[in-house]
Each structure stands twice: as structure tokens, then as C-alpha cells.
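Chains as they are written, first to last, in UniProt numbering: chain E, 1 to 250; chain P, 1 to 268.
To be clear, the hints were calculated from the coordinates, so they are not data collected in a lab. Some hints could be false.
Below, a list of computed lysine to aspartate or glutamate pairs in the EDC-like style, where the Cα atoms sit at most 20 angstroms apart [unchecked claim]:
(1) K33/P to D118/P
(2) K246/E to E236/E
(3) K207/E to E236/E
(4) K51/E to E229/E
(5) K239/E to D223/P
(6) K239/P to D227/P
(7) K41/E to E218/E
(8) K43/P to E69/P
(9) K70/P to E42/P
(10) K41/E to E188/E
(11) K207/E to E58/E
(12) K230/E to E240/E
(13) K231/P to E63/P
(14) K153/P to E23/E
(15) K33/P to E80/P
(16) K50/E to D223/P
(17) K215/E to E181/E
(18) K239/P to E63/P
(19) K169/E to E158/E
(20) K240/P to D176/P
(21) K136/P to E35/P
(22) K230/E to E241/E
(23) K169/E to E215/P
(24) K41/E to E176/E
(25) K169/E to E27/E
(26) K245/E to E234/E
(27) K177/E to D227/P
(28) K207/E to E229/E
(29) K169/E to D223/P
(30) K246/E to D227/P
(31) K169/E to D227/P
(32) K41/E to E108/E
(33) K153/P to E27/E
(34) K117/P to E63/P
(35) K51/E to D223/P
(36) K153/P to D16/E
(37) K177/E to D223/P
(38) K56/P to E27/E
(39) K120/P to E80/P
If you want the building blocks of each chain, they are given just below.
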Amino acid sequence: MSGTSYDRAITVFSPDGHLFQVEYAQEAVKKGSTAVGVKGKDVVVLCVEKKSVPKLQEERTVRKICLLDDHVLMAFAGLTADARILVNRARVECQSHKLTVEDPVTLEYITRFIATLKQRYTQSNGRRPFGTSCLIAGFDMDGSPHLYLTDPSGTYTEWMANATGRSAKTVREFLEKHYSEEAVSTEEGAIKLVVRALLEVVQSGAKNVEVAIMKPNEPMRMLDIGSLEKIVTEIEKEKEEEAEKKKQKK
Amino acid sequence: MATFFGEVREVSSRAYDEDEEDDDNVVVSYKVKEELNKEGLEKIPNVKAVIISHGKLATDFCEALVLSEKCINVGTLGVEVQGQTDCEDTGDFHPRHPTPSQLFMSPQSLLVCCVSKDVKAVVASQFAQVLLGLLKSSCMVMVLSSHHYGALKGSYEPQGEDNCVVHSLHSPAFSDSPVYPRLPQPATIDSVPAAVLTECVVGSRPCVLYSVYTETYSTGDLDLVVDALIKVFQTGPFKKFMPASLKQNKLHQYRAKNPQNETLDRYM
Numbered sequence: 001m002s003g004t005s006y007d008r009a010i011t012v013f014s015p016d017g018h019l020f021q022v023e024y025a026q027e028a029v030k031k032g033s034t035a036v037g038v039k040g041k042d043v044v045v046l047c048v049e050k051k052s053v054p055k056l057q058e059e060r061t062v063r064k065i066c067l068l069d070d071h072v073l074m075a076f077a078g079l080t081a082d083a084r085i086l087v088n089r090a091r092v093e094c095q096s097h098k099l100t101v102e103d104p105v106t107l108e109y110i111t112r113f114i115a116t117l118k119q120r121y122t123q124s125n126g127r128r129p130f131g132t133s134c135l136i137a138g139f140d141m142d143g144s145p146h147l148y149l150t151d152p153s154g155t156y157t158e159w160m161a162n163a164t165g166r167s168a169k170t171v172r173e174f175l176e177k178h179y180s181e182e183a184v185s186t187e188e189g190a191i192k193l194v195v196r197a198l199l200e201v202v203q204s205g206a207k208n209v210e211v212a213i214m215k216p217n218e219p220m221r222m223l224d225i226g227s228l229e230k231i232v233t234e235i236e237k238e239k240e241e242e243a244e245k246k247k248q249k250k
Numbered sequence: 001m002a003t004f005f006g007e008v009r010e011v012s013s014r015a016y017d018e019d020e021e022d023d024d025n026v027v028v029s030y031k032v033k034e035e036l037n038k039e040g041l042e043k044i045p046n047v048k049a050v051i052i053s054h055g056k057l058a059t060d061f062c063e064a065l066v067l068s069e070k071c072i073n074v075g076t077l078g079v080e081v082q083g084q085t086d087c088e089d090t091g092d093f094h095p096r097h098p099t100p101s102q103l104f105m106s107p108q109s110l111l112v113c114c115v116s117k118d119v120k121a122v123v124a125s126q127f128a129q130v131l132l133g134l135l136k137s138s139c140m141v142m143v144l145s146s147h148h149y150g151a152l153k154g155s156y157e158p159q160g161e162d163n164c165v166v167h168s169l170h171s172p173a174f175s176d177s178p179v180y181p182r183l184p185q186p187a188t189i190d191s192v193p194a195a196v197l198t199e200c201v202v203g204s205r206p207c208v209l210y211s212v213y214t215e216t217y218s219t220g221d222l223d224l225v226v227d228a229l230i231k232v233f234q235t236g237p238f239k240k241f242m243p244a245s246l247k248q249n250k251l252h253q254y255r256a257k258n259p260q261n262e263t264l265d266r267y268m
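Bound-form chain P, shown alone (with noise of 0.2 angstroms):
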């Protein structure tokens, strides 16, 4: 570019950076809190067994047919971030708080932790410690997730009357069979559900994890999940924990009150 005096001054490509030009490296750092109500505090440390639900469709699962009218909300997990500022950092045109996991205690003593979508990979390992640390060593951990079949990452044959495909991994300490066979290589999971399994293996915990894959990844599919999922509650550890009837009406009840999940007159 030339100045009114002529003399050519170079002006920087925004092509590529210069290393002079950078700016302070921005840290993003998280923290995960848990916010415990009266009954948390009271309850939290005597319990049995909990359930940590991660994915759209085991918490859809967790909220429609675990959950009663009965369970109580015991508290919330967040996760604080700090470091990122504003859209630049993020993307995000509207930057928004992350939404904390709750936390809900059933009357027998399951705790059920329905995962935020904001909790992601980088923070999973530090939310499963803190989840864990509220808990006695003895408690029983059950953690569902829902996927898409392209995680499977190979054949995907459902059995039967199923629509989805479940597989399961379970920790050392989990001494009952699970439901559904082991989770075939070369799939693999990660996030939160690997996290808590960490964590359960490291700390000698009895867990099993069970994930779902199916072929969609359509809100209002719960009933692709739900026959395969209440499997799991009919033997072992978990029995005592469910319903002894399912509801049908419950499901429509639920999306009902979701009408959020249907996108109006966009898909008819």
C-alpha cells in the first residue's frame, strides 16, 4: 500500500498469522460445580444405586419412564467456564450459560443424573469425579447412552422385535451379567459415559453401561429405545429400582409436554 508520501509500507495478510500479532493466548478452563439441595445433602450419601443418563434418547428414556412423580430434584451439576468471552472465541452469536445436569432421587433410593448436552468431552472425566465423589463406594452405576449407528462403526443388525442395538461394558467390580453382549471393537465411547466407566474401574466400582444406537436421530423416537431399554430393568441390581407396569401413556404424555422436540409445519 502506498502512503501519500510514496513510500510503500507492507501492509499484514489476514491469510496467516504473524507471531508477533497474536494475541494472548485465551485459556478455557472448566469447572464443575455441584449444587446440592437440603435433601441432597441428606439423602445424596445413602444412596443405593444411580443411573447417569447421556444422549438425547436414554434421557428422554430417563425422564419419561424412570422418573415419577414421586422423585424429588435433589440439586444440579453445572459447569462453569471460564476464559471464553465472547462470539469470536465461541462462534456463537448468542453465547449462553451451560445447562446443568439434574439431579432427581426416586423413593427407593436411585439417584438419576440426566446428563447435559453441555457437558462435554473435554470436562467429562472432571464431571465424572465429582458425580462419584457424592457417592458411597458400594453404590451401583448405570449409565445409558444413546447413539447414532454410525458410531457402531459395524454392522448394525437389530434382533428380533428391536429397533435399536444394544450393546454393554461393564467394570471389574459389577459381579451380575449384563443384558445385552459386550460392545464389539472397533466401536468405541467417549465422553461421559467412557468417564464414568473410568472412573469406576479406577475406583473399583461396580458399573455397567449400556448404549443404544439406533438409526435415527429424530427427537420423538423414544419408542425406538424404550422396549430394549426397560430390558435391562427387568433382571439384576436395577429391578427393584423400576416400575412394575409400563405406562404406554406416559410416552404420550411426554411429548405432549415436549412440544419443543417437533419443529412446527417445517416436517409434516
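Isolated chain E, as found in the complex (with noise of 0.2 angstroms):
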């Protein structure tokens, strides 16, 4: 691709003003399994795909949802290494600030925490950018949801909905078309709409997929399967008669 000298060394720019280490920490990213996030009225969902486990593997180990804080909750995708060490991190930072401040992070702060330490990796001799992208949600003391992606860049931005990892792109322009407060304003209505995004690029079935869900002062819980199967069937059921209707018109 680059075929340079200017992909081997982080701290340097190539003349068209690429960090190609930085660009390939991105294509890191893309070769992990999707995660979705999306801020309802007040409610954050997190939908990840889940990987099959190998039959002798412990499936407690294989984690793609994790809680920083009793308010704060983080899904990532990119090398698993990376991401528990940004967790690690994370989870130190939001004790000592609550030790010190005697109050919870902010869902900024927490997050702008983790860009500077992404961002410090990228500007550093003999390092390396962590290979992950995070999308980290909760809520704030006021009770105000927020949703933030950030990149091995260090760059971090708010969204209402994201994605990221592998076929992010195909999720994200599903929620552009299908996105709007009204679908989001119940805790039913968002998670249906982040289970439906994830279903465009992930094999149908409530077995592929994990949500954690996180109100205000309300602990996270992980979505059942039972819950998770009749939401999926209900998403199937919508999609046959859409399809219907399509070729009725046609």
C-alpha cells in the first residue's frame, strides 16, 4: 500500500501528512466483530456481536462489554489485549477521581481520558497506537445520557448512534436512515433499533449477539435470551413483511 519509509516510525508524518501507524492501528479495528451503541431519552444500549467459543474455551473470558464504573459502560473493538489494558486504565482513573473529587467521573471525562492516553501512544518513540476503538456510554450525575466513540487516534467524538469495528460503515448508514427520537424515546424502541442494526451484518439469531442496557442510578444488566429471541423474531418477522410489501409494489 504505502510501500514507504514512513509506516515503520510512529512519530513520523509522511508528505501527505499521514501517521500510516496510526492508519493502520484503524484497520486493526476493522478486523474486530461490531459493536453498536445508541442514546435513547433515558436509556444507552450497547449491542456487540457475540464470537462463537471454542468448545473447550471459558466463555466468561471471551468479554466485549465491560463496566468502568457503576455508571459507565464500554464496548470496543480492534485487539482484545489493547482494550483490557485501556480498561484497566479506565477503571483506575474513575476510583481515584471519585477518591479525590468524591464524585463519579463524567461520561467526558472518563472518555477524554482514554483519547489523551491513545493519543500519548501516537506521539511516543518506541510505541505503538492501541489497536482498539471504544464506544463507551452511561450516565451522567445530572441523568443525562451520553454516547462517545473514540479511535487509536485519540480522537473522540459524542454521537446519538454509532458503530464500530468490522462493517461499521453498513451499520452506521442503517442508523442514519432509521435513527429519530421517537424510535428511541423507550427503552423497547432503542433496543430494538440497535438489535436490528447489528442484525444487518451479523448472522441472524439471538445466540450472535449481546446487549447490555444501563438507565440512570440502575445497575447494567445484560439482556436474556428470551428477551434477546423475541426481539429478534419480532426484527425477522418486520423484515418478511417489508419484503412483502416491496414486491407487491414492484
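With the hints as a guide, bring the two chains together.
Okay, here's the thing in C-alpha cells:
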């Protein structure tokens, strides 16, 4: 691709302004399975593609959604080991902040912390960027929901809905078409939107997705398999009805 | 270095090669060999069209969507490497035999050649000559190749709902209009796609090349290129070779059957 000497060192710009190591780190993010996040009126939902676990592997070690604090959720895509380091550092920072200022972190603060850490690794010699992109969701003390996305370059942005990982572009386009404030004004609507978005790029089935839900002043909960199956069945039925309508129009 | 008797003997440094210490030049040569089975020998000369896929996503597209259960394997095109002996020559601690390129035939007399990743630029011309030598001169040729968007060397702007950019080149003998716009300068093509197109221009064969550019090298991103590549089969001379409807579950089946594309747990 580049075939030049500008892609070997993190601290070297190419003549056209690229930091190739950062771009390669973004490629690593695209190797990870898809994660989708949606911010509703009083709910935040993260949904991830669940990889099949080998028969002899302990399922609990394979987790794409993590709790950074009681009110902060994170889903990531990319290198698992890099994500583990970020999660550990973020958790320590959350507790340190609470001890120091006696208030829990805001979503913006912890996102900025993670993004700053990532940026530092794009400007240091002998290091490489984190090959992970993070969706950080939760509620501030005032009850306002937030959803942020960070990438290996250290950029962070706030979103109403977004996706990262493999096929994120397809999912993002789906969200752009179907997201509306009415659609996510209820918990059920937000969950349905996020599951439907992920099922655009993942094989249909409740066993292929994992959904985490957070509401203000409530602990995170994972959607149980029974409820997930109901939602997936509803979504498939709606898709069939839409396909039928399209056929009749033709 | 001083010897036992005190004389100083010059020791040659490994930092440079002295002419008289050069080994005999190792000449590496390549030979492309076709191995056709009985069906291949009977059917290939009558083939009406051939699709040649080069690059991971293009090959994945052909394997997942162009080929069906009714297609038969009619042979292979292999590359024999002569003169390459050990890891000092190759830098490869596990030297391996190059994987042959598979040839498939569909019921509609479409030959599909999935070019192996071991077919490098140095052997591309020979490969193209051998492959096209099997076919009659009126046979329509389509080359599908996939690249990273860095190879475009220009602006990369996916249009509409596409998640990739597709450009085309064609030989003068190709009378139809390509579905996608011409490859703009300064982008170039190389290796097998270039060799095939060159052979077709020289041999006055109808040939169209579609090169698709995506933002990612990642495997498993076949859905980035599916919609764009299907369009090349919806019009023109290749329309009759494509299944009438795209079956989405073929994509899922393909991923399930190719777990080696997924790196267990290193990426989540």
C-alpha cells in the first residue's frame, strides 16, 4: 500500500500528512467484530456481535462489553489485549477521581482520559498506537445520557448512535436511515433499533448478539436470551413484511 | 586477527561481499503448468466467458457468490519454482509449495479462475499466457481485482450507498460499455490483472477489468464489495452468468466455512 519508509515509525509523518501506524491501527479495529451503541431518551444500549466460543474455552473470559464504573459502560472493537489495558487504566482513573473529588467521573471526562492515553501512544517513540476503538456510554450525575466513540488516533466524539469494528460503515448507514428521537424514546425502541442495526451485518439469531442496557441510577443489565429471542423474532417478522410489501409494489 | 605465530591475518568482514567470495548466482525460475482433468480438457476449449479473480475480496466474492454447488472443478494452474533452495534464499523458515490456482466451470460455460496469492508479479505474464492459451480468441474475459484504496493514489470517494470504489479498464475488442468509470491516473494496475489485460490487448480479445478499492484489508469484509461487484453482472454480456437473485445466507455460510479468516480472540 504505502511501500515507503513512512510507515515504520509512529513519530514520522508522510509527505501527504499521514501517520501510517495510526491508520494501520484503525485497520486492526476493523478486524474486530461489530459493536453498536444507541443513546435513547433515558437509556443507553450497547450491542455487540458475540463470537462463538471454542468448546473448551471458558466463556467468561470472552467479554466485549465492560463496566468502567457503576454508571459507565464500554464496548470495544480491535485488539483484545490493548482493550484490556485501556479498561484497567480507565477503571483505576474512575476510582481515583471518585476518591479525589468525591464525585463519579462524567462520561466526557473518562472518554477524554482514554482518548488522551491513546493519543500519547501516537506520539511516543518505541511505542505503537492502541489497536482499539471504544464505544463509551452511560449517564452523568445529572441523569443525562451520553455515548462517545474513541479511535486509535486519540480522537473522541459524541454520538446519538454509532458503530465500530467490522462492517461499521454498513451499520452506521442503517442507523442514519432509521434513527429518530421517537424511535429511541422508549427502552424497547432503543433496544430494537440497536439489535436490528447489528443484525444487518451479523447472522440472524439471538445467540450471535449480546445486549447491555443502562438506565440512570440503575446498574447495568444484560438482556437475557429469552427476551433477545423475542426481539429477534419480531425483527425478522418485520423484515419479511417489508420484503413482501416491496414485492407487491413491483 | 593474530595467529599463534604472531602474523596478522586479514579477516573478511560480513559487512560487505567480496567478489571472489560470491556464491554462484542462484537463478530462480518459474514455470506455470496447467493440470486439467477430463472435464477440463473437454469443456474449456468451448468456454464462452472467463472470470479471473485476483486479490482477497475479489476471490472471496467469486467463491461465495459466482460459484455454486453446480460448478465443477476442472483443473488447476500451478507455479513451479526452480532454483530456490532454502530459507537463506527465501527468508522463509517454512518454505512451502505455492498453492495452485483453481479452475471452475459453471453449467453456463463460464470458467472461473481464482488466482492464488502465490502468483506473484514476476510470473504474472506467463500465467496470463498459459490461461488465455487454453481459451478461444472470442472468449470474453473479465478480471476482478481487489485493492486497498491507497493504490488509487488519488481521491477515494465512495458514491451513494457503496462502501468501495470500482474502476474499469478494457481492451479495444470489448465492445460493451463498462459499468464503472475508467481507472483515473495516476493509479495503475500490476501483476496478474495487468498481464491479462495486456495479453488481451495484444491478442485482440474482448476483456474488461474491474478493480475494487476498499478502506480495509480485513477479511470478512466481503459485504463491502458485494453490492458493487454484483452490478457488473446485472448488465452486459456477463448478465446471463449470474444467479438471478443474490442469496444473503451465502455470505454467512461462507464466513462460517472459513474460520481461518478469523483470528481467534486476538481481535474482538
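### Task
May I ask which of the numbered hints given earlier this structure violates, with the numbers listed in increasing order?
none
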